[in-house]
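Student: Given only the sequences and the hints, what does the whole structure look like? Please build it.
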Amino acid sequence: MTTAAATVEAPRTHTGTLVQVGHLARRSIIRTARQPAVVVTSMIFPLFLLAINSSGLAAATNLPGFPTDSYLTFALGLTFMQGALFATMGAGQSIAEDIERGFFNRLQLTPLHGPALIAGQLAGTLVLGVTQGVVFLTVGLAFGAGFAAGALGILVMFALAMVISVAFGSLGMAVGLRTGNAEKVQGVFPLMFVFLFLSSGALPRNLLERDWFHAIATVNPVSYIIEAYRSLLITGWDGEALALGFGVGLAILAIGIWAATAALRTRMERT
Amino acid sequence: MNPTSPPAPAAFAPKGAHLIIRHARASWAIAWRLLYKMLRNPAFLLPSMLMPVFFFTAFAGGLVAVSNSPGFDYPSYTTFQYVFVLIQSAVFGGVFAGFSIAADFESGFARRLMLGTRGRSALVIGYTISALARAFIVWGVVTVIALLAGAEVTGSGLDITETISVAMLTNIAALLFSCGVAMRMRTMQAAPLIQLPAFLLIFTAPVYVPRQLLEGWVAFVSDFNPLTAVLEASREWVIGGSPEALLAYGAAFALAVLMGIWAITGLRRAERAA
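Protein chains in written order, with the working numbering: chain C, 173 to 443; chain Y, 473 to 746.
These are calculated hints, taken from the structure and not from any lab test.
The reader is advised that the hints may include incorrect statements.
[Said to hold, decoys possible] Simulated restraints, written as ranges between beta carbons of each label pair:
| # | chain 1 | residue 1 | chain 2 | residue 2 | range |
| --- | --- | --- | --- | --- | --- |
| 1 | C | I427 | Y | L522 | 56 to 64 Å |
| 2 | Y | L518 | C | Q280 | 29 to 37 Å |
| 3 | C | R437 | Y | I632 | 49 to 57 Å |
| 4 | Y | D695 | C | H285 | 55 to 63 Å |
| 5 | C | G408 | Y | L719 | 17 to 25 Å |
| 6 | C | R437 | Y | L511 | 36 to 44 Å |
| 7 | C | E272 | Y | P669 | 25 to 33 Å |
| 8 | C | Q280 | Y | S593 | 33 to 41 Å |
| 9 | Y | T626 | C | A331 | 37 to 45 Å |
| 10 | C | R206 | Y | P669 | 44 to 52 Å |
| 11 | C | G188 | Y | T737 | 29 to 37 Å |
| 12 | Y | G712 | C | P236 | 40 to 48 Å |
| 13 | C | Q280 | Y | D695 | 56 to 64 Å |
| 14 | C | R206 | Y | F581 | 26 to 34 Å |
Ideal placement from N, C-alpha and C gives every residue a C-beta, glycine not left out.
Tutor: The following block contains the structure:
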């Protein structure tokens, strides 16, 4: 009898998890869409930096060994990466606000599964990442950026953008769950920019003259993500760059999910 | 001596002097409160300190190859970026102080300050003093790091004083701007509105390369950006060159006066709302 009941229970639980993910995903997407300040800021800042850099650093294209004669094309990869960093903060802040406002405690009173919470919360980040990608690419192409990989390359670029957004979003979630404080999440945000600026984002690695900077950029995973985006924009199809970009993105995603799950477990125990 | 309590005005002082002394005491009390908060809790000081250090590391370290571009005529890229970071931290010293003002309004503390202060411009002066103090701390740290990294400061004592003077004026202008925004909005939601124009102003000046190497829209905008004059003059002073000093002082002073009007009208609006 008990065994039979368990057999019946199992598929219901599975469906329940998917339904839970669906509900939380819907809430996360609506919540993201209802925060125009977050959406606009996460697009305006990267586009602003793109506009500044493509004009201010145009002289760099005259350097021997620079891969393209358009700094705008070169800098677009950095813009995608920057957008993903904003996703980190968005995801972290959302969960931290849920904790601060007591919504998280109420969720715990429901038979909610941990993975459902994480997956659902990341849905908003994913939608934001895709929206950013559309805006960044449209603006870039409208202002004359090149795209060497063609139409299929655009699809690959969006796939990469989705992986990277969710990967960094999961890191943000881990921080949000660990700290439970939106202000602390904001405090961590500038640290993410350290990774962005100490990378090959502004110049290709072969043109980084300072040895220490070159070494940091080489071990910095963000360099490989930017270089994957850039390969589609400048080179066309570069299997190695793409494999490294996706590989790094998936590795960060795995770390982020693991950290978020661990933080969630700790928080649930605490509550 | 308790730093929040300077000596009381002498009983025989004329009425005008009483008012000035009372005003100065209120300004100092507000400034001291912020300084105390900043020194007791490094979390308030760290972002404004780390940001310029980080920009200096990223730009001076990562973009040095740009100095090989044809037409780049400044002797050292590290020094070139050191001066940028100096002016940037002047602006961000004001911006971060603006966040404190917004937070004070949001928490209701600024309303109590207004009730306790007859001359409310003391609030603006107090916040300005704290922003300047914050900027001096950051400049000290940035300068030590830049010198260790190989920045060549070959200007005379007078040249350095001139650089610091325009940087101070820039810091005051930035504080007055953020003060105006914070007093109008009276919420921390004002933070992006304070930050974004500051970013715009800084990054549409010649940040990475001298003005003659800029291309596109930034080249056009930088010609009209008051920070261009400040930045170019400071870069010259630091290496002992002869910049257009009057233009730099004029631009920084005009910016401070304009922002002063913006801050005072913001204060009046906050008074009406209080």
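Student: Next step is simple, just say for each hint if it's right about the structure.
Tutor: Hint by hint, here is what the structure shows:
1. The given range of 56 to 64 Å is broken by I427/C and L522/Y, whose C-beta atoms sit roughly 24 Å from each other.
2. Range check, L518/Y to Q280/C: Cβ separation about 34 Å, and the 29 to 37 Å hint holds.
3. The hinted window of 49 to 57 Å between R437/C and I632/Y holds, with their beta carbons roughly 56 Å apart.
4. Take D695/Y and H285/C: their Cβ atoms lie about 59 Å apart, and the range 55 to 63 Å holds.
5. The hinted range of 17 to 25 Å is not satisfied by G408/C and L719/Y, whose Cβ atoms lie roughly 48 Å apart.
6. Taken as a hint, the range 36 to 44 Å holds for the pair R437/C and L511/Y, whose Cβ atoms sit roughly 38 Å apart.
7. Restraint check, E272/C to P669/Y: a C-beta distance of roughly 30 Å satisfies the suggested window 25 to 33 Å.
8. Checking the proposed 33 to 41 Å range against Q280/C and S593/Y shows it is violated: the Cβ atoms sit about 51 Å from each other.
9. Separated by about 53 Å at the C-beta atoms, T626/Y and A331/C break the suggested range of 37 to 45 Å.
10. Taking the beta carbon of each, R206/C and P669/Y are about 26 Å apart, not inside 44 to 52 Å as hinted.
11. Look at G188/C against T737/Y: about 58 Å separates their beta carbons, and that is not inside 29 to 37 Å.
12. Roughly 32 Å separates the CB atoms of G712/Y and P236/C, a value that falls outside the hinted 40 to 48 Å.
13. The hinted range of 56 to 64 Å is satisfied by Q280/C and D695/Y, whose Cβ atoms lie roughly 59 Å apart.
14. With their beta carbons about 30 Å apart, R206/C and F581/Y fall inside the hinted range of 26 to 34 Å.
In summary, the structure is inconsistent with hints 1, 5, 8, 9, 10, 11, 12 from the numbered list given earlier, while agreeing with the others.
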